[in-house]
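So the protein lines, in turn, are chains A and B. Take 118 as the starting number for the first sequence in the numbering used here and just add one per residue. Take 1452 as the starting number for the second sequence in the numbering used here and just add one per residue.
For the record, the hints were derived by calculation from the structure and aren't laboratory data. Values in this document were obtained by computation on a predicted structure and should not be read as measured data. Hints should not be assumed to be uniformly reliable.
What the hints assert, rightly or not - Simulated crosslink set (EDC-like; lysine to aspartate or glutamate; CA at most 16 Å straight-line):
#1 A:K215 / B:E1671
#2 B:K1572 / A:E317
#3 B:K1725 / B:E1686
#4 B:K1725 / A:E317
#5 B:K1584 / B:D1548
#6 B:K1725 / B:E1492
#7 B:K1584 / B:E1671
As the list claims (entries may be wrong) - If the Cβ cut is set under 8 Å, some of the chain B residues that face chain A in the computed set are:
#8 K1534
#9 N1536
#10 L1608
#11 W1617
#12 H1646
From the three backbone atoms N, C-alpha and C, an ideal C-beta is built for every residue, glycine too.
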Amino acid sequence: MLIFLLILPDLLTAQEEIASSIRRYKEREVSTGFYEEYEVRPQRQRPLLGVPGISRGIFPYSPSAARVRNRSRLADSHWGLKFYERRRCEECHIRETKDLHTVRANLTCRQCHGLEPIAGLKHYYSPYNPIRRHAYVCAKCHEGASVSFASYLVHTPNPALLSTQKSFPILFYLFWIMIAVAAGTFALFLPLTVLWGFRELFIKKEKVKEEIEEESEKVIEEPEEVIEEIGEEGEGEGEGKRIKTRKIQKYKRRRSKDEPGRQV
Amino acid sequence: MNPEGRYRIRRFSLTQRIFHLLLILCFLTQGATGLARLYIETNWGRSLAWIFSGYESCRTIHIIVGILMILGLLVHGCYILYKLNWRRFPFSLLNPDSILPHPRDIKQFFQHIGWFLGLAKAPRFERWNYFEKFDYWAVFWGMFILGGTGLLLAFPLTASRLIPGWGLNVAFWAHRIEALLALCHVFIIHFFIGHLRRQNFPMDRSMFEGSVDLTAARHEKSAWVTRLEETDSLEEFLVLEVSSTRQAFFYFLGYIFLAAGVYLLIGGLLNIFKITW
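So that you can see chain A by itself, here it is in the shape it has in the complex (with noise of 0.2 Å):
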């Protein structure tokens, strides 16, 4: 019974939703989604380049291709690795995955890179080389992608590593000026408010309703009248800015009599 419980898969306590979440709906699905394309089980393809008369025979490919390190010269730039055809694009490739288009976007690997063989990039005939890559690649979906246009990097590296110094010069200068901008603000004005906010919790409170009596009452002489009106103002419009013309009369009078060398 037990040995049986182990054999199964994992019970299920709830229906879980996994297709939520883009990412973990590919770790899990089996296929792109996309059933019309393969992806599974590629027929593969002899590779265009080998070594003739070396990787023929019962086991058709070297033992040390999986170990070849520069396959972007290659036709078909997964050959001779062992049980490609049963592994997930993203298994082998993470940091490939984190682009926009793999993302947000929601496509797959194999609407750009297309079905097997997969081309390195530098192989001549490849869709990714510059001269065509526009139009085998970007064009499917942007209209009218131009040489230019597909100079986009689409896997970005990471601006922030020091890789990218050499590899993207003016994104890595370009983000660290950018986060020192934005870092310097905040460096400045974070501890700026927080002292601001902390300073006026102690201006003395009498104080500050002293000094305003004192204010007041050298300005204002009456002020339980000045009240009253205003509590009569209420909502009506015209009368409210009679009033109004009224009280900034008078505190006109009041301050030219309070300092009498003054000239209204």
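Assemble chain B onto chain A, guided by the hints.
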């Protein structure tokens, strides 16, 4: 209640307040649609996108509102040119009413910090203190960067005729960082100063009502009030409080905007590690 407290000084004209209101509306829309796209991998981002009926239409709205904002900036530019005192042109810029940065601002900035730490007396601010000037001009800086890169990204095919295509990678990151900077600045610092500071506590109504409390201004902007009094022009600027219905409406508006901003801020911060940058 002291009666003088009921007097307010006119600070913003109706046009200026309308500009500010439009800016709020556009800014919040851009923030929400932009964050919805940035956070589309998370539930929060998807619920945000749902408001605008999905990922795709977020982009459309973002682009349309973005273009409206650029037009708004142009209109505002015309407004400034129209309002400038051309007769006394270069000198009118040095007018204390001017929002142009002035060497005095740097001094007051340090004095202000001194005051926070109890080392100096509170600076006597003019009509616009250094902080308000920064807030005003930061919008221009943000609009140039966000508007410029935004236009490139909105029309990538056309843009790649003007600049090489890899420029879009650069524009994209510039847009992203600048947008986050602007959002954080507004939702943290600008909101704090306008709402939470003790002087302004529930909310600073001046941007909606157009006027500030005279007593408060005496403390906060003493140089301004003194100057007005000395030139005997204070009376021209005096207004009364608006009716309490209107005030309630302003509070309501202000708090809606505040809530929207804080929602974006908190959602963004909580989900910050759940997205692919």
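Structure-based check of all given hints:
{"no.": "1", "hint": "A:K215 / B:E1671", "result": "violated (50 Å)"}
{"no.": "2", "hint": "B:K1572 / A:E317", "result": "holds (13 Å)"}
{"no.": "3", "hint": "B:K1725 / B:E1686", "result": "violated (56 Å)"}
{"no.": "4", "hint": "B:K1725 / A:E317", "result": "violated (38 Å)"}
{"no.": "5", "hint": "B:K1584 / B:D1548", "result": "holds (11 Å)"}
{"no.": "6", "hint": "B:K1725 / B:E1492", "result": "holds (8 Å)"}
{"no.": "7", "hint": "B:K1584 / B:E1671", "result": "holds (15 Å)"}
{"no.": "8", "hint": "K1534", "result": "violated (25 Å)"}
{"no.": "9", "hint": "N1536", "result": "violated (25 Å)"}
{"no.": "10", "hint": "L1608", "result": "holds (6 Å)"}
{"no.": "11", "hint": "W1617", "result": "holds (5 Å)"}
{"no.": "12", "hint": "H1646", "result": "violated (11 Å)"}
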